[in-house]
Structures are given as C-alpha cells and as structure tokens.
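Chain A is fixed; fit chain B onto it per the hints.
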Amino acid sequence: MNSFSDLVVQFDIDMNVIITLLFLPLIVTIVGFARYVIGVRSLGIYAPIVLTFIFYEFGITKPGSIESDVFQGLKFGLFLTFIIFLTTVVSYKILKKWALHYYSKLSIVITSVVLSIIGVLVIADLTNNPGILKISVFSLILIASVSERYMNLFAFNKSTKKAVFLSLETLGISILCYLVISLSSLQNLLLDYPLLILLNLPIAYMIGRFSGLRLTEYYRFRDVLDTEEE
Amino acid sequence: MGITNILKNRNKVLGLNKRNLTYIRKYNKDKAKEIADNKILTKTVLEAADIPTPKLLAVIDDYRQLINFDWSTLPKSFVMKPVFGLEGGGIDIFFNRDEQGRWIRADKSRVSEADLKRQCIDILNGKYSLAQEPDKILFEERVQNHKAFKYYSYKGIPDIRIITYNNIPTMAMLRLPTRESEGKANLALGAVGAGIDIATGVTTSAIYGKTGGIEYIPGTKIRVSGLKIPYWESMLKYAIQAQKATNLNFAAIDFLIDREKGPMIVEMNARPGLSIQLANDDGLRWRLRKAYGLKVSTIEKGIRLGKDLFGGTIEAGVEQLTGKDVIGIVENITLYGKEDQESSVKAKIDTGADSTSMDKALAIKLGFDSIIKLIDSGRLPTGISSSEGHALEKPLYEELKDEYPDLAEVRFVQSSHGSSMRPYVNLSLKIQDTKFETKASIYDRSKLTYPIIVGRKSLFKFLVDPSKKNQIK
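If you read the sequences in order, they're chains A and B.
Its first residue numbered 1, the first sequence is counted upward by one per residue in full-length UniProt numbering.
Its first residue numbered 1, the second sequence is counted upward by one per residue in full-length UniProt numbering.
Derived from the structure by calculation, the hints contain no laboratory data.
For each residue, glycine too, the CB sits at the ideal point set by N, CA and C.
Possibly wrong hints are sitting among the right ones.
[As the list claims (entries may be wrong)] Capping the alpha-carbon separation at 20 Å, the derived lysine to any residue pairs in SDA-like fashion look like this: (1) Lys162/A with Gly190/B; (2) Lys12/B with Val37/A; (3) Lys162/A with Gly88/B; (4) Lys127/B with Thr160/A; (5) Lys26/B with Arg209/A.
[To be verified] Computed spacing ranges between beta-carbons, pair by pair: (6) Glu233/B with Thr160/A: 18 to 28 Å; (7) Leu140/A with Arg64/B: 50 to 60 Å; (8) Asp107/B with Leu21/A: 52 to 62 Å; (9) Ala204/A with Asn38/B: 51 to 61 Å; (10) Leu179/A with Asn5/B: 56 to 66 Å.
With the rest of the complex left out, here is chain A (with noise of 0.2 Å):
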C-alpha cells in the first residue's frame, strides 16, 4: 500500500492542508487538556484553533512546503493578534457608549478590524516587509472574525481585567498549540501514521473523566489544603 504521504503526492493536495487536517483534534485536546486538567480556560473552541493555524500559515517559509519557521510565525501571528485585539476593544468601548443593537455593533467593530488589518498590509507593503503579506485571503477572514469573540468577551463581561486576563489565556493556549503542531517530527509522523490521530479518542476519553483537582485549584484552595492533621 502507499504511504499516506505518497498519496497526497499523487493527487497533488497541499501538504499544509493535510497537517492541518492531521493537527485539528490534536489541538482540541490540548485545549481541553488545558481546562480540566491544568485550569487554564479560553475563548471557547473556536478563537485558540484559529489563533494557532494563522501562526502556523505565518509561519510557512515556503509555499507547498511544510517547513516552518515558529519564530516568524509567532513574531507576524502575534503582531496581528494584537492590532486585531486592540481595534475590537478601542472600538467597541467607542460604541458602548451608544445603544445600538449587538449585530449592529459587531458590524461596525468588524468594520474598523478589517481597516486595520488593510493599513498593516499597506503599511507592510510600502515598508518593504513582505512576511506579513503572504497570509491568504481565507486566513484574513478567520482572523477578523476572531474579533466577535472578543468583543462579545467584553460585551458580557462586567470587568475589564477579567477580559485580558481571558484573552491572554486564550493566547497562551494558542501558542502552546502551534509549537506542538510545528514539531517536524510529529508532523512526520503523522503524516506517516496518520491513523494515529486516533490516539486522541483514549486521551479525550480520560481528560473527560479526570475528576482530581485543576492545577490552578491547588493554587486556589492553597490554605484549606495546606493544614495539618489533627
């Protein structure tokens, strides 16, 4: 039989679209191990599995090809993440102010993310630094969309700080994600063994019945579990 990778050779799919493929219930896992077992929580499933396939796009140093490179890829991510990010919040706090109705503000927050993000290009273009251009048009939408996680983050949240201190979380996943999807050698061996993806059924299966304490929650419940026995 042939190789997985043999396969996608012969009908000429994209590498970077198979790993991808490959990597997406990876990633899901992780983000679940990060909340029951670590305590870490993010912004849903939606926005760290977006956040973590832009840094890895960015960080493809050729096209076809599934060489990256993770400092690029975090530097452009990162970069974007934040103009997207700070766009949302200053806008959305500009309007708050006003009583429109949700959509209607998410359209003219989106409105002002897509702005932003034409201005980098610009500026990127006109600066002579092209990294950040190379981003494909799918990628651009998934990233603004991103926005409307935030702002509903900040729509429904009574405190501001609990808000960044969410979005950050949900960033620190994001990263911990795509440095484990740019591993070459478990890219390669995916791509090998792609059956082994089936892997994440088990580690799903006991992240779903792990009933101990989240990591975090040792941190909480420091002084109840800090006591001597009497």
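Structure of chain B alone, referenced to chain A:
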C-alpha cells in the same frame, strides 16, 4: 506543612471537575435543575411546601407585557430580578420612591420609569441569563435587614448559604456586603464570606474577596467570627425541606433573614460555587463523601446528622461529639506550669483564633522565663512575608531547641498585630473539669483584656456557646 499536606488533603477539597462530573451530573436531575434555575418556579414549589420565600409582586414575560406594565401597582420598595439570572447579576433593590416618581436605591441614586424600562429590556434580552437566552423579570418584596447584622453589613443585606446533600446540611456560609462590594453579598465583588459552624450557627473563619483569610470586617474592629446567626435551627429545617420539595440532591440554598418575618429562601442553586470551602477553611468533598448514602428518614435526622458530622470543631466526628462540654466565650480556666505551679485566669475562648496564646507575664508565672529571654533576644524575626516565615519554622526550631528546652515549636503567625515568628510551649490547662495538654504561643498581651486566648486547636473537646458568656463573673 507544605507539599505533603497538600497531596494528603487533595481528596478533601471539591474541585470543579468532581463537582461537575459527579455531584451535578449524577445527583441533580434535569427536572430539579429546571426548578432551581427558574426563580418563579422555585417560589411556586417552595410555597406549595410551606417554605417561606419573599412574596412575588409581579412578573414581566416579554416586551409586550413590559410596554403595558402598570408601574403604579408596585409598592415603593421592591426587588427586581432576572428570572434566569446567574450569580446575582441584574438584581436591583429599591427602598423608596420620591416625589417625581423616581425609585431610590440604597446608594441614594435615583431611577426613573424610563431608566427602569431600559434595564428591563436588558434583562429580557438575556444580558444576565445562562448563554444569553431570552429572560423574564420578576418583582418581589424587599427583605428588611435583621438587627443581628446591623453592624456587620454595609448597606445591603447579608445572605446565608447552606449546602445540602442527601438531605443533610453539609456546609454553610454567611456573605456580608462591604463597601467594596457596594452593598452586594457577592464574593467576586468583594463581599466577606464567613464559614458557619453547622452545629451552632456561629461564624468561624472568613475570607474577603481575593485577599484570603481575615479576622475583622475590613475597615472596622468587628470580628467576623463568633456571630450567632438568628433562626439557625429553622433555616436548617427549611433547607432540608426545600431539598426534598425540589428533588435537588446537591443544592446551595440561599436565605435572607427579614427583621420581622424571619428566614426566607431567595434562591436555590444547582451548581454551587466552590468558594464556600475557602470561607470555612475546610474542604467540601470529604463532607459529601461522609453524607453519601446515609439513610435520612426525617428532617430532624438530617439536621442531627449534619450537626454531628460537620459541626463543632472541623475534624470532629460523631464519637468525639458526644460528651463534649459546652463552654462560653469567656471562661475561668486553670493553667499548670513547668513545675505544676497552678494559675487561675479568665480566658477568652476564641474560635476565630487558630491556636492558644498567652501573655508574657503569665508565662513567667508558669516558669517559662527562658522563652521570654528568647523573645527579648531578637532571634525571632518579625515583619517577614508568609512564605519566608513558613520556610523558617523548622530550621529555626532546630537551631534553638537545644538552647531552649522549653520550646515546643516555632510557628509563623500573621495577625492584626503584624507577622512574626512565635515561640510555642507545651502547656497543661483545665477548662471546667477537663484537663488537657496543648501548645500555646507566648507574646505581649499586656494591653489586651485577657491574658490568654484559647484557640480552635485547643478546643476539640468542647462546644462553644456564645450566649453562655454572661454566666461568668
């Protein structure tokens, strides 16, 4: 202390995972959750079971009803709540109405009918409900603060939460509104949470927002511990009755106490928060394990079990509880020194203090001069951080024990007097007719009323009844 304790105790504390997987999923059926999540349904079920709850004044189901709502039907003072609200979000309390027809809040801010309608639209839109689903609005009578809490709560009314499991009250907490929480009894906003001893209804330890353990209500000299909750017995009874009526087998039941009408259930929660463990300085999981599977045939038995299993000193089991002496807050006790020299003093029984501590002068009387010398030598550092302090306990003791044979232990203590390393000695003492050994720290109490306070670690053989204090001259 440290890692070994934490690992040993990890099965005593209830975490989110265990709560969700076992206690909510398994023991709270969907139908019971539906009752708890819907405040109108909760009221209906409780009223049918003759359990007191604030009187329902009006309900607004949708926009059409909001437009047609006749505001003049409401009294001057009322509470407005989202029917599916979470964690107290969206609740507004009005005390009076001014000449222009505006309602007045506790903080003196005024709200016109148009403002109120806007708030109502937010609620109907689901701003405070789970997953932002469309909501309804309920108006109920305002509960008036009981005088027992007058000096304890800032502006708002404190609430009392009892967690019941398997028809047994397992843990309880008093939440006191503070200046920081703007009169709301919400820990996340900075309210004080005080643990309640199930057996006596008296507050024990307390936490304040995220700052951790406290002894006094912030900005006051009022001790949080030692407050006797009025109507405690009937609240335990209502809690179990409410659990039976709603079939919610793992429930947090929230009470308010009205000045005239007494305790009323304002809310039932199918997903109890975990901070109650911090307020009680004890884990909930071991208590739930103990309550599991017990046959509770009557309400009285449920109360009895709760008191016996979880009341009194934290670790006390049923066996220890029987035959305990009941003592007051001030007791005449006898101390026995190194050479058995006796000394009778008036002592403060302080369930809010962790351990026993005595004054320097008293320590000299009992023959512990060497420890006084140790204190005066300046070899015990003060004003250090808690992590430094805890790390120092063992090495410091090892270093000093040969030179000072009376020294039993060195412990880091943080109190309202500042943080310091305190020396401990072994001490025999007699309260009423029970003589026992305990560890006591020594420090300067000359400016305080009592030369000795007896703390929790020395009180395992006793039950403390605060109302008993007047019997002692």
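Status of each hint after checking the structure:
Between the alpha carbons of Lys162/A and Gly190/B the distance comes to roughly 15 Å, so the proposed pair stays at or under 20 Å and holds. Only pairs whose Cα atoms come within 20 Å are accepted, and Lys12/B paired with Val37/A is accepted, the gap being roughly 18 Å. Among the hinted pairs, Lys162/A with Gly88/B is consistent with the structure: their alpha-carbon atoms are about 18 Å apart, no more than 20 Å. At most 20 Å may separate the alpha-carbon atoms for a hinted pair to count; Lys127/B and Thr160/A meet this at roughly 17 Å.
Annotation: proposed proximity of Lys26/B to Arg209/A holds, straight-line Cα distance about 13 Å (limit 20 Å). A C-beta distance of roughly 45 Å is found between Glu233/B and Thr160/A, which places it outside the suggested range of 18 to 28 Å. Look at Leu140/A against Arg64/B: about 43 Å separates their beta carbons, and that is not inside 50 to 60 Å. In this structure, Asp107/B and Leu21/A meet the distance hint of 52 to 62 Å, their C-beta atoms being roughly 56 Å apart.
Take Ala204/A and Asn38/B: their Cβ atoms lie about 33 Å apart, and the range 51 to 61 Å is violated. The beta-carbon spacing between Leu179/A and Asn5/B, approximately 35 Å, falls outside the hinted interval of 56 to 66 Å.
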